[in-house]
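**Q** Listed below, chain by chain, are the residues.
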Amino acid sequence: MEKSSVSTLLKMEGVTKRFPGVIANDRVDLELHNGEVLALLGENGAGKSTLMNILAGLYRPDEGFITIRGEKVSIHSPQDSMHLGIGMIHQEFMLVQTMTVAENIVLGLQDLPLIPPMAEIKRKIIELSDRYSLKVDPDRFIYELSVGEQQRVEILKLVYRGAEVLILDEPTAVLTPQESRDLNGIIKTMLSEGKSAIFITHKMDEVLSFSHRVQVLRQGKTVAACKTEGTTPQELANMMVGREILFKIKKAPYRPGEPKLILDGVTVEDPTGRPVLKDISLTIYEGEILGIAGVAGNGQTELTEVITGLQKAVSGRITLDSQDMTNKQPLHLIKAGMSHIPADRGAMGIVGDMSVADNLVMKRYRSEPIASRHGVMHATKIFGFAKKMISFFKIATPKPETLVKFLSGGNIQKTILAREIDSCGGVLIAVYPSRGLDVGATESVRNNIVAQRDKKAAVLLVSEELDELLSVADKIGVMFEGELMGIVDAATTNKEELGMMMAGMRGGNA
Amino acid sequence: MQLITTLLAVTLSAGTSLLYATIGEIYTERSGILNLGVEGMMMMGALSAFAVSFYTGSLFLSLIVAMLVGGSLALLHAFLSISMRANQVVSGLSITLFGTGLASYLGQRLGPESNGFNLAGMTASNFQKIQIPFLGDIPILAAFFNQDVLTYMLFLIVPLSWYFMYRTKHGLSLRSVGENPRTASAMGISVAKVRYLYTVIGGMLVGLGGAHLTLAYTPGWSENVTGGRGWIVIALVIFAGWNPSRAVFGAVLFGGINAIQFRLQAAGTMIPASFLNMAPYVVTVVVLALMTIIGKKKKGKYSSPSALGNAFSIEDK
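Top line first, the protein sequences correspond to chains A and B.
Take 2 as the starting number for the first sequence in the working numbering and just add one per residue.
Take 12 as the starting number for the second sequence in the working numbering and just add one per residue.
Don't take each hint at face value.
To be verified - As a list, the in silico DSBU-like pairs of lysine-lysine whose alpha-carbon atoms are at most 30 Å apart:
1) B:Lys180 to A:Lys123
2) A:Lys457 to A:Lys279
3) B:Lys180 to A:Lys136
4) A:Lys73 to A:Lys136
5) B:Lys204 to A:Lys406
6) B:Lys140 to A:Lys125
7) B:Lys140 to A:Lys73
8) A:Lys496 to A:Lys251
9) B:Lys204 to A:Lys123
Calculated from the structure, these hints are not laboratory results.
With the hints as extra help, turn the sequences into a complete structure.
**A** Encoded structure:
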């Protein structure tokens, strides 16, 4: 393909897409040039993914049209989109878990022979993976792969099909910093071959480091489209949210009270008997946020689950207000005042097919005033309670009766946060609370967590963003391979020290 | 030795109808459609095959009609669960109720006037055992080579089905649709088309399974000729882990239990006949419980297609 950076490759004009009750895209124009990366920036629910799904042939626009190299095209199916050289990597990977890498890569290919020559296909995959440094074994099953490896399979799938335009929907949300850097390199290689990319994100630093141009969407409309050079993160953030964004968190001075939650030598084993949490001892005081840092999968999930009663400790003791809480049922812990914002929102935080109101009331429905003494629930009281919570926590939902699964990620998280903070009786366990959220929602989540701490709650905050831990937490513990590498003071530590501990060096007062 | 050979031969014959229906249902379920109408489709297959054979004497035509009848009932299920997005359990159950009811009615109407229009008790041309020269003379092995045409056909259908599902492009599409229709759709596969196709193919094979009952295993029509085999098939699919080659073991096991309990009843034992009749169904329950335990240990290999029983639309959340 000839390389002239100013020629327009793809154009969307006046694209509108309506869903029941919402306009996801409202007359959006978009332009992609040859050999460039366009960043599509916007809050959760701004319509970025919908717009790209239209390009990928998953949704059909209600209005508007698309042109490629000046020719009007109609994209009715993913197949059409693929033929036009457009390939999309979705936020939820489109991979069949029980099939091998090679099978996934050739799945649905039109010109595949009846009996696919697997040896030849594997050779081609290995060749491509060498060329783009996408290391992956074609014979492994998808369920055996890490998230980063699965993403590589997704990229391979697109290059195998010869995609010229790559659409990446929040590709770094699930990656470690190292994997993100690799991805950046991979995209650069592809650009050098004349391919173009559209990059959906809500992270400012990614826009600045990856893209040539940026287009900002807000509530389904384009608010700006400009060259990346010359913009600042603050400017972009303001455009995205439509108001001033504070990157600093306001919090009261650190004045810890009594010890609230104490773990003493807690060990957890996985079903095969391998210890996944080794001899953890820590104390969280009233009015304190203890941050937990570490690369995902180093025991953070087990730590929060053993505290919230979802996993059993094989040894050690957990006490809350000097009462033994080791291996107690979750309901017992909830009644003792424990709140939990789980890592997997969809699976553990909400019931998607129930309404916002019902989800909000899920920790209060057992007792008065929501339910009568005999356990009959009062619909009007639920409704009133939900309305109050929705306005207080600024949950953007059309109605309290709307099913939670129709809300954006940020508003789903706000729903969970509202329920957990409302019912919080002194302990808040928050796991990746701002993961995948945009700046506006992140700000509100963090402020709410800090507000709980200022109200004397003991907070455990698990996060993979060091900036978040440094600005929100009072103390930071670092986990590595199921062990606590040490606990340091958030005010005096720095990223370097934390980084060393995340790599397995002991530090602080371990 | 003679006894073992005989028992094995009866086992294979008893397992034939089960295996046809099981492979059919595996095709259907692999596409993500749960068809609980097997019992009804089998019953209609059994009736129509016998009726056609009775009036035309053509076994070939009987098989074609049994396949068409099974296929059309499956098509109805496909329409309800794919296009109308109906609950697949309810739709399947109504196919079974409809199929068994209609077969029972037609069985009392399609017969000759001389028999009060009843088909029961009539004889029609049926499949004879064909002994393969030489191979059919070797002890034990003789059991495999002293069967009817429909059983011999399975010797081809089973390996071909396995090969089709795991080694061909269409098998890949089929499995992906049942596992992750969203992904399949994003890769340009028409989920609805695949589901229609394999639900109907599955129904045709189930119809053949029914035909084997009235034309070969126990020639002749009688009320409730399937005797709940359709339900055992649903269990056998799970037993097979949705793999056509493993289905053979399930069919042989249940065919064997049937064969043995018949022998025991004939020989006259202390065990009451009702208990012997119960045996296949009790074993079903036990086997299913065991499979669930094994399935948990061997993740992926024995588990059901992830999207089994779910309607699909790309705009669903």
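**Q** Hint numbers the structure violates, sorted upward?
**A** Of the numbered hints, 4, 6 and 7 do not hold.
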